[in-house]
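Q: Generate the whole structure from the sequences, applying the supplied hints.
Here the protein sequences line up with chains S and Z, keeping their order.
Just so you know, we're using full-length UniProt numbering here: the first sequence kicks off at 1 and counts up by one.
Just so you know, we're using full-length UniProt numbering here: the second sequence kicks off at 1 and counts up by one.
One or more of the hints may lead you astray.
Derived coverage of chain Z by chain S (criterion: at least 3 residues anywhere in the stretch with Cβ under 8 angstroms from a Cβ of chain S; other residues may be distant) [claimed, not checked]:
(1) 16–23
(2) 44–55
(3) 58–71
(4) 87–95
Simulated restraints on C-beta separations [said to hold, decoys possible]:
(5) Z/Glu142 with S/Lys322: 36 to 44 angstroms
(6) S/Gln56 with Z/Gly89: 13 to 21 angstroms
(7) Z/Ile60 with S/Asp343: 54 to 62 angstroms
(8) Z/Ser234 with S/Asn290: 46 to 54 angstroms
Everything labelled a hint here was simulated from the structure, so no lab data went into it.
Yeah, the Cβ is synthetic: ideal placement off N, Cα and C, and Gly gets one too.
This is what each chain is made of:
There are 2 protein chains.
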Amino acid sequence: MGLVVQKYGGSSVADAEGIKRVAKRIVDAKKTGHQVVVVVSAMGDTTDELIDLAGQVSPIPSGREFDMLLTAGERIAMALLAMAIKNLGHEAQSFTGSQAGVITDSVHNKARIIDVTPGRIRTALDEGNIAIVAGFQGVSQEKKDITTLGRGGSDTTAVALAAALNAEVCEIYTDVDGVFTADPRVVKKARKIDWISFEDMLELASSGSKVLLHRCVEYARRYNIPIHVRSSFSGLQGTWVSNQPQGDRTVEQAIISGVAHDTSEAKITVVGVPDKPGEAAKIFRAIADNQINIDMVVQNVSAASTGLTDISFTLPKAEGRKAIDALEKTRSVVEFDSLRYDDQIAKISLVGAGMKTNPGVTAGFFEALSDAGVNIELISTSEIRISVVTRADEVDQAVRAVHSAFGLDSESDEAVVYGGTGR
Amino acid sequence: MGLVVQKYGGSSVADAEGIKRVAKRIVDAKKTGHQVVVVVSAMGDTTDELIDLAGQVSPIPSGREFDMLLTAGERIAMALLAMAIKNLGHEAQSFTGSQAGVITDSVHNKARIIDVTPGRIRTALDEGNIAIVAGFQGVSQEKKDITTLGRGGSDTTAVALAAALNAEVCEIYTDVDGVFTADPRVVKKARKIDWISFEDMLELASSGSKVLLHRCVEYARRYNIPIHVRSSFSGLQGTWVSNQPQGDRTVEQAIISGVAHDTSEAKITVVGVPDKPGEAAKIFRAIADNQINIDMVVQNVSAASTGLTDISFTLPKAEGRKAIDALEKTRSVVEFDSLRYDDQIAKISLVGAGMKTNPGVTAGFFEALSDAGVNIELISTSEIRISVVTRADEVDQAVRAVHSAFGLDSESDEAVVYGGTGR
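A: In structure tokens, the structure reads:
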């Protein structure tokens, strides 16, 4: 038997009962003969409460101290979890990110992992212990200060440890049964996906699927660590994310993995840009210089009469103000008539390997939307994804229409996802 | 200007307001030109809440994990305090016990400090920072595990850092104005003591005074670090504990420092012990072998007729059961008629340097008690202390009588304590 890394989120260890339930699950894994490393997040709302406290003493908490504060949450959860496991008669030791050898850069609040040296974890495992590791935290290589990894940090900790320890699998326990063909809150007939490739998962993550963050999937793909996303409340098999599908099915069967949607973005249109080399470059340089990440970019064919074109792009709503200001400042170097800002948009994406080799997909996607009376404002595609921007208030009907059109609904026999009856 | 170590207890940083108030006080000290190192305890009831959580997941929390859990409390407090200070425009950095170089043995939950290597603190100070250090915690030299120092740990951390950094003074901030001539809750006329010697303070601490723990005073005496016990709520001067009195007064003036009482002990009497060499030794060996600390010991003169004697001693009530069991087990090797256990006792102690050279003191002490109609059950004395055991329900009147008899009452002109009008 090999080594398994399990990660439990805050909702799984929200209270003493949750911690005891998780402890049982961990012990069960240990009993199967595996070496078990557990990465845990802070209990329930602990982190939010600490952030609130920080806000009460300082309007702009400093990076270093903010990290020192937040990391206390995981520390509490991991110590309690280790106690609960010992109470079940098994040996467990908890480790801070620093003790676990999670080495990061010095960018507080959103540090990147630059090395993992899990010597103490190895020793603890070899001595028969279950190792409990604080997620979301590390220690800076340079100053030896406590750092935090930012959003999705605990998932990334788990995958990074799985890679460093050469684990069989990284199990991400959460409060849903796995990754679905669409957001179940929007599409009642959405199904759990049994297996999905790293590439499709990356596209779903960057298209609005919240279950796994892009960063953690990217890390897992780089080191080829299979991820098993599953519920900590049920014993069901969840969704496997890996290079190879589980079981005997072959990748060719998979055309469509799922439909994702995202209402967190806004659209900016730069109107009346001279259609000559370098203009677009200047615009996006101005955006990039302000550390603003943009998503879709579309440039219309310019009107021959005017020689002017419009350039549209989407970006997180939170960055909208900053982007508009940055563009206004470029008026000196970039000619354009006006700026349009629109935050009432939604992005709907269809994701699936082999899409490009199935000509029908794109057409079917647009037909489904038009049949649903949904107007398309922007289009962008990749090897395995088609995304469109629509009005925000049309997103639900649009997602349902596409989900149904591609046979993803759970009643449908044409379902292309793997054994979608896993629920 | 030199270096000052300040320690703030949990009641001083119970909430955001308290943290901000403490931050101002720290900044004021920094403004006077001092280098400032602050040792902080966990906020208000944090530690109790964590202990309660631990109890919910495990009846017998393990030492290592219990320490990992509890130390999160100081971590939260110190990070918030550092943020609050930065918010006042001053530089501050927080350090865990491990980062501060507090090296301990491996005895979890009550570790002893074996070395202090404050290299990072020095650097932070030299760079103009105020250093905030987590009290109560360290790291074990052997296994590099997080440890806690047990009761009074934060005070000990402060004194240990003051010694290692060669500080001018260790200021212990608390919720009272200082050390009093008696417990103000019992004696309304009790007065704040302006200065007291290490020796007298040690006797008061071991006689029931709660303001400073014996351990911390002992450490301060060994390294000759002056302690200034004061309120974090008022700006008043508190009580100085040192080798030399502050100001121009001389030690000779001091006869009586104060009256302490303790109702946490019980009395065990071993009745009918053969009055021959070695019997007492066997009894106390049995007690010692069970790691039970005893306090007063008294052996009556044996009755010539029987050749039997009674041996009485006091010990913490919590240890009573264990002691009785241990003694019962010795019946095979030690002859005695019976055991008497009594937990309705109180200990009253009169503490003051030069007592032995003032013959009237002992007599005056007993006279005061008899005038108050208080019966004495046991007596023990040291160079600078007289202690008696009485009935628990007589303790208040006994303390008041003694306090008044030795001119400690605040109205009295004969007051012997230093400038008792300091309040």
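Q: Run every hint past the structure and note whether it holds.
A: Comparing the hints with the structure gives:
Coverage of the stretch 16–23 of chain Z by chain S holds in this model, with 4 residues showing a Cβ closer than 8 angstroms to a Cβ of that chain against a need of three. Requiring three or more residues with a Cβ within less than 8 angstroms of a Cβ of chain S, the coverage given for the stretch 44–55 of chain Z holds, as 3 such residues are present. With a cut-off of 8 angstroms between beta carbons, the stretch 58–71 of chain Z has 11 residues touching chain S; three or more are needed, and the interface restraint holds. Proximity of the stretch 87–95 of chain Z to chain S, defined as three or more residues with a beta carbon under 8 angstroms from a beta carbon of that chain, is established by the 4 residues found.
Look at Z/Glu142 against S/Lys322: about 52 angstroms separates their beta carbons, and that is not inside 36 to 44 angstroms. Under the hint 13 to 21 angstroms, the C-beta atoms of S/Gln56 and Z/Gly89, about 18 angstroms apart, fit the expected range. Take Z/Ile60 and S/Asp343: their Cβ atoms lie about 55 angstroms apart, and the range 54 to 62 angstroms holds. Distance hint check: the CB atoms of Z/Ser234 and S/Asn290 are about 50 angstroms apart, consistent with the given range 46 to 54 angstroms.
The earlier numbered hint that this structure contradicts is number 5, and it is the only one.
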